[in-house]
Amino acid sequence: DAGVIQSPRHEVTEMGQEVTLRCKPISGHDYLFWYRQTMMRGLELLIYFNNNVPIDDSGMPEDRFSAKMPNASFSTLKIQPSEPRDSAVYFCASSLRTGGKYEQYFGPGTRLTVT
Amino acid sequence: GESVGLHLPTLSVQEGDNSIINCAYSNSASDYFIWYKQESGKGPQFIIDIRSNMDKRQGQRVTVLLNKTVKHLSLQIAATQPGDSAVYFCAEKALNGQNFVFGPGTRLSVLP
Chain B
180 DAGVIQSPRH EVTEMGQEVT LRCKPISGHD YLFWYRQTMM RGLELLIYFN NNVPIDDSGM
240 PEDRFSAKMP NASFSTLKIQ PSEPRDSAVY FCASSLRTGG KYEQYFGPGT RLTVT
Chain X
29 GESVGLHLPT LSVQEGDNSI INCAYSNSAS DYFIWYKQES GKGPQFIIDI RSNMDKRQGQ
89 RVTVLLNKTV KHLSLQIAAT QPGDSAVYFC AEKALNGQNF VFGPGTRLSV LP
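As given, the protein sequences belong to chains B and X, one line each in that order. Going by our numbering, the residue at position 58 of the first sequence is 237; the numbering climbs one at a time, nothing skipped. Going by our numbering, the residue at position 95 of the second sequence is 123; the numbering climbs one at a time, nothing skipped.
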């Protein structure tokens with residue numbers, strides 16, 4: 180398996196522009212998580228899905244952020260409009276909750292820079 | 029992925045020595061814990077997990093200890109190698125919850 184795939188790996192955009200980050204989870208996994216990592220705040224959970232349904236989006240910073248999971252093999256995190264404070268590394272992770280295991284497999288991340 | 033930042037606690041150890049990385053967790057109701065390793069430019073990678081009904085679990089060269097009384101978790105790495113240099117995170121999951129809260133991380137630097 181290729182693991183969790185994220186694209187793009189790097190994104191540089193100007194303030195006010197729309198940004199879309201993409202994630203392909205590991206096939207067969209039933210949970211998908213979006214995290215943001217910054218120097219100041221560490222690794223923060225933004226939102227997670229179970230069987231394509233958003234379960235907890237309390238970590239989403241504000242209405243500028245939205246996430247979708249139209250099917251089991253694809254999710255997007257959108258920021259519109261983007262702001263410089265959104266600059267961070269965004270990780271997608273997936274897991275299969277079976278046998279009481281909760282291990283999350285992380286993608287390589289997307290480094291977002293908003294100028 | 030990125031290294032987390034300039035203000036992480038840092039542990040420096042000599043190659044071949046044992047390392048102990050500590051973590052204080054916040055929720056006494058947490059029932060499951062994971063240690064992750066994050067190398068520069070990569071996402072976090074699972075190392076070992078432990079349930080709250082255990083106080084010790086061993087893997088290959090790693091041991092996790094859990095002290096629920098003081099809400100403390102530690103990761104011991106035996107015979108530390110240069111490839112162990114990374115940032116290490118503990119993560120806790122609340123009982124009946126599905127998501128994890130990650131600690132701030134500790135940077136391990138292995139000296140030759």
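Derived by calculation from the structure, the hints in this document are not laboratory data. Among the hints, a few may not be true.
To be verified - Going by beta-carbon spacing under 7 Å, a handful of chain B positions derived as facing chain X:
1. GLY182
2. TYR227
3. GLU241
4. PHE253
5. TYR281
6. GLY286
7. PRO287
Owing to the predicted nature of the structure, the values given are computational and were not obtained by experimental measurement. Cβ coordinates follow ideal geometry from the N, Cα and C atoms, glycine included.
(message) Output the indices of the hints that this structure fails to meet, ascending.
(response) Hints 1, 3 and 4 are the ones this structure does not satisfy, whereas the remaining hints hold.
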